[in-house]
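Take any residue in the sequence shown, note its place counting from 1, add 705, and you have its number in this note's numbering.
Hints listed in this document are in silico derivations from the structure and should not be mistaken for laboratory results.
Since the structure is predicted, the reported quantities are computational estimates derived from the model, not experimental observations.
Note that CB positions come from ideal geometry on N, CA and C, so glycine has one too.
One should not assume that every hint holds.
[Said to hold, decoys possible] Pairwise CB distance ranges (calculated): (1) S783 to P901: 54 to 62 Å; (2) Y771 to Y900: 28 to 36 Å; (3) T886 to N857: 17 to 25 Å; (4) Y771 to N903: 30 to 38 Å; (5) Y811 to K749: 21 to 29 Å; (6) S783 to K870: 24 to 32 Å; (7) T788 to N903: 46 to 54 Å; (8) N903 to G786: 29 to 37 Å; (9) T898 to V762: 43 to 51 Å; (10) V861 to Y771: 35 to 43 Å; (11) D773 to I873: 46 to 54 Å; (12) Q731 to A833: 26 to 34 Å; (13) S838 to Q731: 27 to 35 Å; (14) S913 to T741: 22 to 30 Å.
[Unchecked claim] Only pairs whose alpha carbons sit at most 20 Å apart, straight line, appear in this in silico DMTMM-like list of lysine to aspartate or glutamate: (15) K858 to E876; (16) K870 to E839; (17) K749 to E807; (18) K932 to E839; (19) K749 to D792; (20) K875 to E839; (21) K870 to D908; (22) K932 to E807; (23) K749 to D822; (24) K813 to D792; (25) K749 to D718; (26) K932 to D908; (27) K749 to D773; (28) K813 to D773.
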Amino acid sequence: MGATSLGGSNGSDWLFAEGHTGTGFQQYLVLANFTTSSAQALIKLEYTNGTVQNVPVTVNAQSQLYFDVNNAYSHPVSGCGCTPTGDVSAEVTSSTASIVAERMMYFKYGTIPGITDVVGEAGPSSHAVYSFSEGYTGGTFNEWLTLQNPNNKSEVVAVTFFADKTVISKEITLPATSRTTINVNSIIVPIATAYPVNVNGSDGFAVSMTVQAFSGTIIVERPLYFKYNGIPGGNDVIGYTGN
Numbered sequence: 706m707g708a709t710s711l712g713g714s715n716g717s718d719w720l721f722a723e724g725h726t727g728t729g730f731q732q733y734l735v736l737a738n739f740t741t742s743s744a745q746a747l748i749k750l751e752y753t754n755g756t757v758q759n760v761p762v763t764v765n766a767q768s769q770l771y772f773d774v775n776n777a778y779s780h781p782v783s784g785c786g787c788t789p790t791g792d793v794s795a796e797v798t799s800s801t802a803s804i805v806a807e808r809m810m811y812f813k814y815g816t817i818p819g820i821t822d823v824v825g826e827a828g829p830s831s832h833a834v835y836s837f838s839e840g841y842t843g844g845t846f847n848e849w850l851t852l853q854n855p856n857n858k859s860e861v862v863a864v865t866f867f868a869d870k871t872v873i874s875k876e877i878t879l880p881a882t883s884r885t886t887i888n889v890n891s892i893i894v895p896i897a898t899a900y901p902v903n904v905n906g907s908d909g910f911a912v913s914m915t916v917q918a919f920s921g922t923i924i925v926e927r928p929l930y931f932k933y934n935g936i937p938g939g940n941d942v943i944g945y946t947g948n
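Can you make the complete structure from the sequences, with help from the hints?
This is how it looks when you write it as structure tokens:
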């Protein structure tokens, strides 16, 4: 299984809502420095419990650096005062040369092997609304939303699901500097099962989504794991923000 991602322009701040270091998952952050000066970068790992691990790294001039997020979970930096969790968001900043950051994630989700690769959202965090047109929760499809609040205060967000003329809205609070996960299947599958429909060939398990923060900014991604006609895989995207 392979993965590709769009390239990004050099920047000094990159954000990733998704991340997992549990059984069957291996996560890396890949930092590229295309300049002729070394980059002093800080990798900020934000966990579900709101604790944070800050790891300084140097990306040499015209070089690439692989950062093992699983290793940071198992061996946190001395004195971080954090309690790492398997689910993790990240922010990568550079105080000197500009860089580009991607997240590579190799996985075996149950019996589904694969890899996802995503270029981070350019920071600092500046968007309050994210939209996702694609989504499916039937059969062997497993869909999630991962939400990052990189700010130092909690954020209330509205998550709205659009499933064959059925609209469901849910408000949740994202703690400061934390990662939150929503199991989309757990919301859509019971409704699609109880009220089966067939609209334009859909069986009721298809879903589009929006996520809106009421007073601040967030980052949202949609991981999706599946077997489609026997072909296993996974994909992940950062939501559409309008620009």
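Hint check:
no.	hint	verdict
1	S783 to P901: 54 to 62 Å	holds, 56 Å
2	Y771 to Y900: 28 to 36 Å	violated, 47 Å
3	T886 to N857: 17 to 25 Å	holds, 21 Å
4	Y771 to N903: 30 to 38 Å	violated, 47 Å
5	Y811 to K749: 21 to 29 Å	holds, 22 Å
6	S783 to K870: 24 to 32 Å	violated, 55 Å
7	T788 to N903: 46 to 54 Å	holds, 47 Å
8	N903 to G786: 29 to 37 Å	violated, 54 Å
9	T898 to V762: 43 to 51 Å	holds, 47 Å
10	V861 to Y771: 35 to 43 Å	holds, 36 Å
11	D773 to I873: 46 to 54 Å	violated, 38 Å
12	Q731 to A833: 26 to 34 Å	holds, 32 Å
13	S838 to Q731: 27 to 35 Å	holds, 29 Å
14	S913 to T741: 22 to 30 Å	violated, 45 Å
15	K858 to E876	holds, 17 Å
16	K870 to E839	holds, 15 Å
17	K749 to E807	holds, 14 Å
18	K932 to E839	holds, 16 Å
19	K749 to D792	holds, 14 Å
20	K875 to E839	holds, 19 Å
21	K870 to D908	holds, 12 Å
22	K932 to E807	violated, 25 Å
23	K749 to D822	holds, 19 Å
24	K813 to D792	holds, 15 Å
25	K749 to D718	holds, 11 Å
26	K932 to D908	holds, 17 Å
27	K749 to D773	holds, 13 Å
28	K813 to D773	holds, 17 Å
Hint compliance for this structure: hints 2, 4, 6, 8, 11, 14 and 22 are broken, all remaining hints hold.
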